[in-house]
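Enquirer: Sequence:
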Amino acid sequence: MGSEVGVKPESKHEYIITPVSIWWACWACIWTAAVVAGVCYLIARRHSPVLRIRGLSLTLAAITLLHLYFISVQCANIWGPLMPGDAEFWIMGTYLPFGIALFHASNSRFLHVAKLQRKYMHRRNSISSDETVRAGTKGGLVGRFRRLDYTSKVLITVGSGIIIQFLLTLTTYLISRKYHGSWGIPGTGVHGTEMEQKTEMGRGWEWFPSVVWQFFWAWIIAPVVLWKARGVHDTQGWRFQTMACAAASLHATPMWLVALYVPAMEPVNVYWLPPQWICLSIILIEIFTIFYPCWQVKRNQTLQQETLETIAMWESHKKNPHHTSARSIHTGSTVVESMMSGWKSTNGSVKTNDSGESILTMSALEHVLERNPGPLQEFSALRDFSGENIAFLTSVAEWKSSLPPAVWKKNKAGRCGGKRVGEKKKKNKGDEDMEEEEDQEEEYDEIVRDDQTMELLHERFNRALRIYAAYVGVGDAEFPINISSQQLKKLEAVFEGPARTLLGDKPELDSSATPFDMTGHHHQKPPPSTASSGTEKGQHAPNAPQLPALQSFIADRAQYWGPIPEGFDETVFDDAEKSIKYLVLTNTWPKFVKARRLSIDHSDHGNLEAGNDVIQMVRNKCHVDATMTC
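So the number in our numbering is just where the residue sits in the sequence shown, counting from 1, plus 6.
Subject to a maximum C-alpha distance of 25 Å in a straight line, what follows is the list of computed DSS-like cross-link-like pairs (lysine-lysine): (1) Lys125 / Lys600; (2) Lys587 / Lys495; (3) Lys587 / Lys496; (4) Lys304 / Lys587.
These aren't lab readings, by the way, just hints derived from the structure by calculation.
Since we're looking at a predicted model, the values are computed, not measured.
Build out the structure end to end from the sequences listed, making use of the hints.
Expert: Okay, here's the thing in structure tokens:
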């Protein structure tokens with residue numbers, strides 16, 4: 007039997023130039039080019055909802071290490087006899103286990119995100135204070151570890167495992183005389199010619215620690231992940247990716263051992279080295295981790311484009327309702343049908359449904375958000391992993407409706423009332439005493455109205471502050487909504503200072519939505535002289551946003567009573583709201599409509615009955631709108 011890289015006692019100290027080795031070298035170049043192209047595509051589209059929820063940094067780091075191991079194995083077909091005896095030992099003892107460890111950390115995020123998103127199923131769901139107090143009072147290392155966020159726990163666990171793996175590999179290298187004859191455990195050395203020594207260096211118990219991570223993940227962790235993921239049915243393709251990667255690694259370690267120690271595999275090893283079985287697992291992992299998400303991104307872009315075309319066609323139909331040519335009917339039905347499947351229709355179906363097309367418009371989405379957002383919110387949380395978007399929209403809508411418009415008018419008048427009164431007094435400085443007394447009475451009434459208005463504004467500002475901390479703040483929200491940097495800066499200018507006053511320093515760790523993408527902003531804690539003390543209140547806003555444990559505990563019991571920033575008014579969330587509505591319209595809403603239509607086609611009147619009622623409600627509204635337009 008040969009060694010790990012195919013070296014045998016009769017091998018010569020020279021390059022192996024055969025059709026087999028040339029094939030594997032060409033294959034390594036072609037596959038590496040494809041992987042690099044896929045990685046570049048993912049990085050360029052990293053802001054897509056499909057990729058943003060996954061978190062690319064850790065995944066790409068794992069793929070890089072695994073692919074380096076893949077390249078070394080392919081190259082071993084050519085210069086295996088020329089490689090130092092311990093080179094492949096260190097490559098397999100570092101690149102492979104480190105890459106598997108990082109990949110396991112990235113792959114396990116699926117269950118973590120699915121668990122966190124379940125909180126958005128119900129609009130009234132907050133962390134109980136009892137649970138928060140218990141989490142904050144546990145001491146010791148275990149208690150401190152449990153209080154850490156998911157990203158910190160994963161990094162600590164994986165980092166500890168990597169350190170242990172390195173120490174184990176180093177210890178194995180030091181105690182075995184295969185790689186150095188001057189020290190080590192007696193009886194572990196090798197003798198004979200150079201090729202005989204290299205053959206023995208590529209085998210033995212020293213290699214077992216190198217595949218511990220792979221075996222542990224594939225045969226212990228992966229089945230647990232598969233079992234826990236059985237009830238999750240997402241629209242992002244993440245569940246399929248996780249399960250496929252888990253199943254793709256089951257064969258690697260057993261087949262590597264069989265190829266290395268079973269004599270009957272020796273003819274196969276001439277064309278397929280023992281570590282190629284591990285490389286096969288790496289190839290499958292790269293397919294499902296790189297190319298499958300690329301396909302998902304492309305599919306999502308096609309879905310968005312088809313949705314926009316459908317909306318444009320519906321708007322055109324509203325402007326010209328009597329235009330019913332056969333070509334427009336065919337085009338309209340094709341767009342709707344292909345949009346619902348995510349790809350262009352090729353069968354030329356002419357099945358049309360005007361209400362079906364209109365159900366994909368912004369007005370239909372706003373109608374559902376206003377009348378019955380529950381099924382859409384449940385779908386976005388459990389299947390689309392974007393529950394924070396619907397929760398943000400409903401929270402903003404409730405916040406806007408909680409304050410009469412007259413209060414905003416009083417607030418605007420109160421902010422400039424002093425100037426008007428002062429200017430009026432200056433203008434009437436030489437007038438009669440009666441007019442001066444009237445001016446003073448007007449100024450006093452304005453101050454009284456301002457006091458009443460400010461009390462109401464503080465209450466509404468605290469509600470808005472909770473919305474910001476729960477859904478917008480990069481360091482505060484578990485799943486920050488995806489808005490532009492300009493919109494984020496605008497909201498930060500209004501809410502960031504009060505948020506830091508009420509919640510303390512912003513966590514330096516990133517959010518759960520985009521872990522390992524260290525892009526969080528760090529803010530200094532306001533000085534004590536400018537910080538306004540929070541007073542405990544027995545009442546707080548209904549549907550309070552879900553904050554991290556400690557922040558939720560503070561925010562539910564404290565109110566901000568400092569000066570309200572100048573930029574705060576009823577339109578403060580308008581830009582972000584429009585952006586998220588557009589995102590929902592082009593991403594979540596078509597998937598929701600497709601899922602409900604499929605449920606209707608399959609006559610599933612159980613758990614999806616509420617969603618079917620939503621579709622029927624929107625169809626009725628669209629029919630009324632179309633009638634009024636005509």
